[in-house]
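**Student:** Listed below are the residues making up each chain.
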Amino acid sequence: MGSQKRIAKELAELTETAPEGITVKLADESNLYIWNVYMEGPENSPYQNGTFHLTLTLPTEYPFKPPTVSFRTKIYHPNVTNDDKGSMCLGMLRADEWKPSSRIQAVLQFARQLLAEPMPDDAVEGRIAEQYKSDFARYEEVAREWTRKYASSSSSGRA
Amino acid sequence: MSTASVSASASPSSNLLPSSSFSPPSASSDSRLGPLRRLSQLRAYTQHHFSSPQHTAASSSSSSSSANSQRVSRRHTLGNRVSWFSAASTGPESSPSTVETSNRAPCPESEHQSTFARYSSVFFPSYRGLELDLRSQPSPSTESPSPPLRNETRRDIMARPRGSSQAVDARSNGEVSSAGNIHPSALESPDPVVSESPSTSSPRPKQKATIRFFPHQDSHASSRPSLPFIPISRTLPSDSCVIRVGRYSERDGLPVANPTEPSDAPVGFKSKVVSRKHCEFMYLNGQWHVKDVGSSSGTFLNHMRLSQPNIASRLYTIKDGDIVQLGIDFRGGEEMIFRCVRIRIECNRSWQQQPNEFNKNTENLIKNLGKGDTADYSGCRECSICLGSVLRPYQCLFMAACAHVWHYKCVSRLIHTPDYPMFQCPNCRAYTDLSAEVDDTNDLEEEEEESKSASAEDKPESARSETHTPQPEANPATPPSQTAGDERRLETRLPVEAGLAANIENMRLQDLDASDDNSAPLPAPTSNPDSAPSNSNHEIPGWQSLTQSPSSSHTRQAPLRAETPVRSESSDENPLTPLNDSGPLALDGRAAMP
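Going down the list, the sequences are from chains E and Y.
Plus 2 on top of the position in the first sequence (first one is 1) and you've got my numbering.
Plus 20 on top of the position in the second sequence (first one is 1) and you've got my numbering.
Just so you know, these hints were derived from the structure itself, not from any lab.
It cannot be assumed that every hint is accurate.
Pairwise CB distance ranges, derived in the manner of DEER restraints [claimed, not checked]:
#, chain 1, residue 1, chain 2, residue 2, range
1, Y, 441, E, 144, 50 to 58 Å
2, Y, 375, E, 112, 45 to 53 Å
3, E, 59, Y, 356, 48 to 56 Å
4, Y, 356, E, 50, 55 to 63 Å
5, Y, 408, E, 22, 44 to 52 Å
6, Y, 449, E, 87, 42 to 50 Å
7, E, 46, Y, 402, 55 to 63 Å
8, E, 126, Y, 375, 44 to 52 Å
9, E, 115, Y, 402, 38 to 46 Å
10, Y, 449, E, 118, 26 to 34 Å
11, Y, 376, E, 45, 33 to 41 Å
Short derived list, chain Y residues pointing at chain E, Cβ under 10 Å [to be verified]:
#, residue
12, 235
13, 406
14, 430
Don't be surprised by glycine CBs; every beta carbon is placed ideally from N, CA and C.
Bound-form chain Y, shown alone (with noise of 0.2 Å):
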């Protein structure tokens, strides 16, 4: 998708957005035009914070580019994806399009990765629309901590009915505090959840982190609807992305659901109780983070309130199943501009996209209907609707993106819901999106393309190669020594990198920090290089030679690798500040928190 294959390579970009407006205008248009993209779309979010007249002025011609083909692909989201997906390689994204594929190139793992996306989907068509998962990290550790959550959770939910009204519940102040316990963040202090995932669950750093969000609504009689939205999907580009979430403007273009690429497009809600800036999702150490960007009407994880109103939350761990409600019902909620919005995350599903026991066995089984007396049946499941066998030849079968597998008339009820095309399987509580399933035919040209960037690979290209080595060494559960020498070679041998990276932290600092604290509106721009001052040798001129760069693929790839590094670093002194790049900021926005 067109707006995936942009932000792959701009969005840290844009976060450079107020060094860039004190850089020499020079820079190639080739290397601009990603990020022109990409501003558009974040121009919202973004001109907040930081206004950049020229910039906001020149992405404007890209913008209504770039929203028209948004238009084009938003018509075809559930009709026909094949036209969307041409519209956006034929459109004026051309371009940006071979970015992507270069992008995926530095993951030396995809390959034999995909040959098992291309194989499993022949015999698993429902693993078509989830094929990009199949790179994210395989996360077992991530799931382990859940049951007491869940505990937590249920707990919640069980005393709900006592309390007249959630937000008066998330309000007061024990709630909220009891967050804390609930959902260490990556601020707080040690965290066995955080610190303990990046050891197990990153073996491949390089992968992608898939989140989706569905709309909930609350069982309980007593709680009115909430907004009714179709499920969105994103697949970060990279892990330094940020998910922002927001009311839904006008001025974004149309919101992309359920892009087929990696995205960190912004999630827009046509509510009036979602602040334009309402809260933002990224991804950090192998865990999903939700954070409260100063929303006036509250952001809700599982009915805790994250922080007061206008003020910014700190960072706060979700998992699978948690419930994220934006904004609390106004006016009663009659009018469907009033509803506050209640999103069921899905993430840290990843292990059960990729290969394991469980969905080979089903393959396998797939493969061995009617073959008679030869077939293997080792794996026979039963059907947990009717407790039948499922597998006999010439039945009627329907099998769920998780494997699991039922007769079609007993699952039937349960897929043909008012929440269609949302199919929740009956056994693992894993939702489906059978409409992004059905038509996904995106996936020969995926797969080409990323056979074609497997073999782009096989080139011997430094700068690649480069980014191959520090990866196994960017995990931080490698010991600290050999990562911090990588690091030290890592510095010198990319000082754009380096530079760049520091930027991109520094900015994100500086972002927490303008919405933290509103008497100092622009920070960013001008105290950026002191305010880091491990990295300000290589910030600027890691920029300028970044601006300066003829080489636009390498400057495009810069912001991928960037992350690497910076975050093995601030992992290794301590993993539980990975964006505190430049001393106490973080914690200062921290403490303004309840």
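Chain E with its partners taken away, still in its complex shape (with noise of 0.2 Å):
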């Protein structure tokens, strides 16, 4: 269990300074390898305002096996699954990119990077991309409906 430390390390950093617009805390103290994270939509985003509940999952293998983010909160975006499981497509975070030298926080940076800034040619969610690709405007208020239906403050933590 060589992971715990790190993990736990690696947790006070992110609590002690926290990276800009996103918070995080563990699921169960019990449980290191569940955490919650709270992220708010970047400026100048459609999200902006909103604040999504993911849920990072670190195998027990970690650092040597990636962890996984998935959304909680429901978000309208080209690179996250559109069903209950919310789901998202990193790239640092699949297997053959990953690097054990790679840090949470380093993670949760990229995924609220992926909010400002889609990309529409990993994307999960196909028919999302086209949108933002092909009717950029009619993309950005959908998702700005969407991260008011769902992820302002008085419906956050509604998956």
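Got two chains here, separate frames each, mind docking them using the hints?
**Tutor:** Below you can see the structure in the form of structure tokens.
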């Protein structure tokens, strides 16, 4: 269980000096491997003013295996599956891209960056990606609508 | 290593094979020794282009001896490197090994570099195996263009699950043509990568280029395992050398996986889907390139097929981390012999293996370990696995060749994998062959050799001084006028080299043509003088004086030196077609490409 030490360290760092717009805490104080992450929508994105609840799950083999990130809050985004899983396609989290020296902080920052700049070429939601490319205004509109509906502070936490 | 030393002198000469078929047989046996050995290795490759019965027969005698020594060396590859080395040096190859010494001499920088190597090897045992790389080019600029490529690569990988078959993907015309955008070749019109890199990356044009091949397994469950092979490392004895890759053949002798000295020995894979002549790797203008030489089942660069079956491709630049696949699984790849070969390329890593701030810091840290308060821990880094400080005395640490350090306990999981002895740095992804470095005991001898050669260099020797002067000017980054002037001087002073170089360049061109155009089976020997209008006057005299030259050492060094003027000349006129010494021939070859 050498991973626990590292995870605890990363968690401590993230709690002390949280990156902008990101708050983390353990879902269950006795379990280091599941984190609740609250991510504010980046400014100048349709997700602005929304707070998104994500779950970060660490494998027991961490850091040799990558963590997984999933959105608990519904989000209209080309790189997040629009289902109850809300899994996110992050390049650096794929098994062959992952490096043990990567950190959770980087993962979360990357995830937030993806909110600011979706990557429609690596989309998991092809339809949204298509719309993002061809009808950006409409995409923004829906994303903003969903953010207000599901991710506004009054409704945050509701899946 | 024996083959390395031979090829250092001989590989350009073996390109001259067709010419030698009409050369007077009076050539001194001394100067032929190297070429013949080399020839035996390349026979399988060359005989298709140039049938040369007399040499084939002549070489068969020497091939048996060299094959023997290779077999010996192979047996010791994983075990005892010492006996391998001594077998070579005491064996029939002892005379070529002196050639090696003299070939190393012309590198003026080697002395202080090797000082570092010697110095660092004390503290960096893992550097030993990479000592040869210390002289290869620092190439910051070759790294810089890689991010966009990496992007493409990643996208490609991501796209893979959607395409059912890579082969189908890669065959579609769109993919193939897009390959041109991603990997601009030396023959392609203006290309910042190729044209820019020499200016920044070749302050020492004489430095050697190193490339390493590692087996690559696709991480996606859908694809079958590729052919396993032990990691292969090659350091080119001279930039003009080409690493030929093809199916393993008994006639080539056992493949030499990791020669400790420069070698361009062919690389063979035991797979039926690999053609006998499959592809070639070459080093041009500070960039490694790959080229399909008319394989039947294709060469794939990052999943894109380079050419149609049985048609040679143009040159494609390759970068560190690229995946080159040879052939496609046949009959489902159930049997090992029908599996394709996936090679992960490691090149342009020399910046990492040269003294730099990072590894010097590490060196200091190691030196200061346990010295208490006086220790300078300024460059202290943490273990990227546990995120704890690495540097505490009395802890077991592990340092990779890239100078990244971890607690042994933390990193042991990555060491003891099924891939062992291959170790991939979790920080920078550099691969290290752990087995190759642990028992590398050649260092001392190599250092001695180097210091010997360095002292030999001090003696005023006209041939050597001639070698030195053109080197810096050969850098394409220098003003053209200077280069041109130097060239002229070179051509007048060294007609032998110029002629030889022209010969080499033309041979390669012809080689390329021959494989492109089946209707012209053997254009090389006859059309050679005509096809090189600019150099033809030098060529014949050059060759004759070479063969009649009484000084064998001069003869042996000639090919090495020959490379520089030609390179600077061609890259001056057109930095993108360094091989195209004789007009549009190379372009014709490309026209056949998709």
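**Student:** Evaluate each hint against the coordinates.
**Tutor:** Right, here's what the structure says about each hint:
The supplied range of 50 to 58 Å is met by residue 441/Y and residue 144/E, whose beta-carbon atoms lie about 53 Å from each other. A C-beta distance of roughly 33 Å is found between residue 375/Y and residue 112/E, which places it outside the suggested range of 45 to 53 Å. Separation of residue 59/E from residue 356/Y is about 38 Å and departs from the stated range, judged on CB atoms against 48 to 56 Å. Residue 356/Y and residue 50/E have their C-beta atoms about 56 Å apart, which keeps the hinted 55 to 63 Å range intact.
Checked against the hint of 44 to 52 Å, the pair residue 408/Y and residue 22/E fails, with Cβ atoms roughly 26 Å apart. For the pair residue 449/Y and residue 87/E, the beta carbons lie near 30 Å from each other, so the given range of 42 to 50 Å is not met. At roughly 35 Å, the beta carbons of residue 46/E and residue 402/Y sit outside the given window of 55 to 63 Å. For the pair residue 126/E and residue 375/Y, the beta carbons lie near 45 Å from each other, so the given range of 44 to 52 Å is met.
Checked against the hint of 38 to 46 Å, the pair residue 115/E and residue 402/Y fails, with Cβ atoms roughly 24 Å apart. Our hint of 26 to 34 Å for residue 449/Y and residue 118/E holds, since their Cβ atoms are close to 27 Å apart. Taking the beta carbon of each, residue 376/Y and residue 45/E are about 39 Å apart, inside 33 to 41 Å as hinted. The interface hint given for residue 235/Y is violated, since its Cβ lies 14 Å from the closest Cβ of chain E, which is over the 10 Å cut-off.
Hint on residue 406/Y holds. Least Cβ distance to chain E is approximately 5 Å, under the 10 Å limit. Checking residue 430/Y against chain E: minimum C-beta separation of about 7 Å stays under 10 Å; hint holds.
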